[in-house]
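Enquirer: Residue strings, one per chain:
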Amino acid sequence: MSLTKDQVQHIATLARLQVADAELVELVDKLSKIVDFVDQLQAVPTDNVTPMAHPLHMVQRLRPDEVTERNDRDHYQQNALELRDGHYLVPKVIE
Amino acid sequence: MTAMSDKSTQLHTMGLAELAQGLRNGEFSSREIVSDLLGRIVASQPDLNSFITVTADEALAAADLADAAIAQGNGPALCGLPIAHKDIFCTRDVLTTCGSRMLENFVAPYDATVVERLANAGAITIGKTNMDEFAMGSSTETSYFGPTGNPWNTKLSPGGSSGGSVAAVAARLVPAATGTDTGGSIRQPAALTGTVGLKPTYGRVSRYGMIAFASSLDQAGTITRSAEDAAMLLQAMAGFDERDSTSVNEPVPDYRATLGQSLQGLKVGIVRQHFDAGLDEQCAARVKEALRQLESQGASLIEVDLPHLDLSVPTYYVVAPAECSSNMSRFDGVRFGYRAKNPVDLMDLYCRSRGEGFGAEVKRRIMTGTYVLSAGYYDAYYLQAQKARQLISNDFEAAFAKVDVIAGPTTPTPAFAIGAKMDDPITMYLNDIYTIGANLAGLPAMSIPCGFVDKLPVGLQLVGPHFAEARLLNCAHQYELLTDWHRQSPEAYS
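From first to last, the protein sequence lines stand for chains B and Y.
Per my numbering, the first sequence starts with residue 1, numbered consecutively.
Per my numbering, the second sequence starts with residue 1, numbered consecutively.
Since the hints were made in silico from the structure, they are not lab data.
Just so we're clear, the structure is a prediction, and the values are computed from it rather than from any experiment.
Be aware that one or more of the hints could be misleading.
Taking lysine-lysine and the BS3-like style, the derived pairs with C-alpha atoms no more than 25 Å apart in a straight line are [unchecked claim]:
hint, chain 1, residue 1, chain 2, residue 2
1, Y, LYS288, Y, LYS402
2, Y, LYS341, B, LYS92
3, Y, LYS421, B, LYS33
Let the sequences and hints guide you as you build the complete structure.
Expert: Here's what the structure looks like:
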């Protein structure tokens, strides 16, 4: 199955990736090849097969709902890109 | 010249066990080891580019502390032994890039459990190794920091994604390094560089602080030059960690204690499908010689079937990108990592930070994952792949009802040229045909050197049932007693 340029652009938008025009052409080609390749799975009979949820068939472990982490905000924010008063700054969202 | 200085000129040739012994006997100091290796690392960088960050000052300071502890008769199992960490593991106050522009300036605020446990066991971090960007690749060529060379021939790739770690171990820059393996990223590069690579059972080693790629497949492991060294390193790394929700609470056996067991009566499964078309004939010959050597030690070779082997690569390339697209969504240019300049609005900030911060292969995988998870395609791709995954896992279960371990090739060919497979993702993906199954089924597996083809190393892969790491290490150690493939080193780095 060959993907169209529009489809690939839509996927890029869903994935929040800006893709340059030249890159888009290459992605159409390579993603189409990858989708073709994984399409061979469609032919596998799997009617009575339960999809795997965990390689060891474990279920999610639960823990008591207690605070276990101390507040270490200043330390974590040393990697912050733009801060004001301990808040992360982004472009204005609401006019 | 004293015996001490003779030995100290050969420090780089020694593995963990030998170095530990020498340190305890006072034959040399940790500072001598670290200084020697730092010199080798700096000298090798132009050709190998196996390190992204070298922590020389911290390593020398830690070596002095280790020497003081050893002098007082103290010191845990790995005291004073330098190792390198794949740059996917968070290291507190040290750059942790994951091979990506996205994290070019990221200084981890905490240690990964693997890093913490190895430090607690006395190991010294000498630096962080190069890798495919976010571990997505099989050649270390997708690193933002440039490709790593294969010490056996620097025009060739060392494989990937743990290419920096294997190159560093193969070139005698460090005795051991950590790696991670999502589809073969420890075993394939180990095979292509003549090193010993072990991927433990899913959940055996904590994933906490290990930057996630595909969370149901990712597992941390070891790269060393012998099975015994792998046992020493795994001993320190393995075990339950409440900070990893998929960590398994199973007792950790003494891995070194069973290395000496005989292979008499061991049932070794040979997979019919492994020797089909696609496997280089000379690699097949080396693997068959290794199998005969196991047989000569009393192991019996039993043919088994993995009928769904062909499905493992397409299954992986649905499951792994799907999980990748979800994990990679945390990199949004808001709190840490790369941020695009002068965004016009929030959407522009997200899209350009990600578009500029991620490399081509990472974007392809994010988009493949986004596509297979998108409305209308989920059942056809992701659900179908998880069903195929169960079939692949069932095949292994049936095989392990008959045999104790499965042995076969790690890779279809020896090392390939840098640049040779970058244009065709499918050819690159098929490199992992023999390794991916163990990830899909969560099984422990390792690659050990089993000979050469045209002066390039070939790997023998051993796969075991869940939690059979000790059996794999025993089998590998017994094989190493019969051969000296694991002791061969690239001429330029001997």
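Enquirer: Determine for every hint whether it applies to the structure shown.
Expert: Right, here's what the structure says about each hint:
The straight-line distance between the Cα atoms of LYS288 of chain Y and LYS402 of chain Y is roughly 20 Å, inside the 25 Å bound, and the hint therefore holds. Proximity of LYS341 of chain Y to LYS92 of chain B is assessed by CA-CA distance (about 15 Å); at most 25 Å being required, the pair is judged to hold. About 15 Å separates the Cα atoms of LYS421 of chain Y and LYS33 of chain B, which keeps this hinted pair within 25 Å; it holds.
Every hint, counting from the list given before, is met by this structure.
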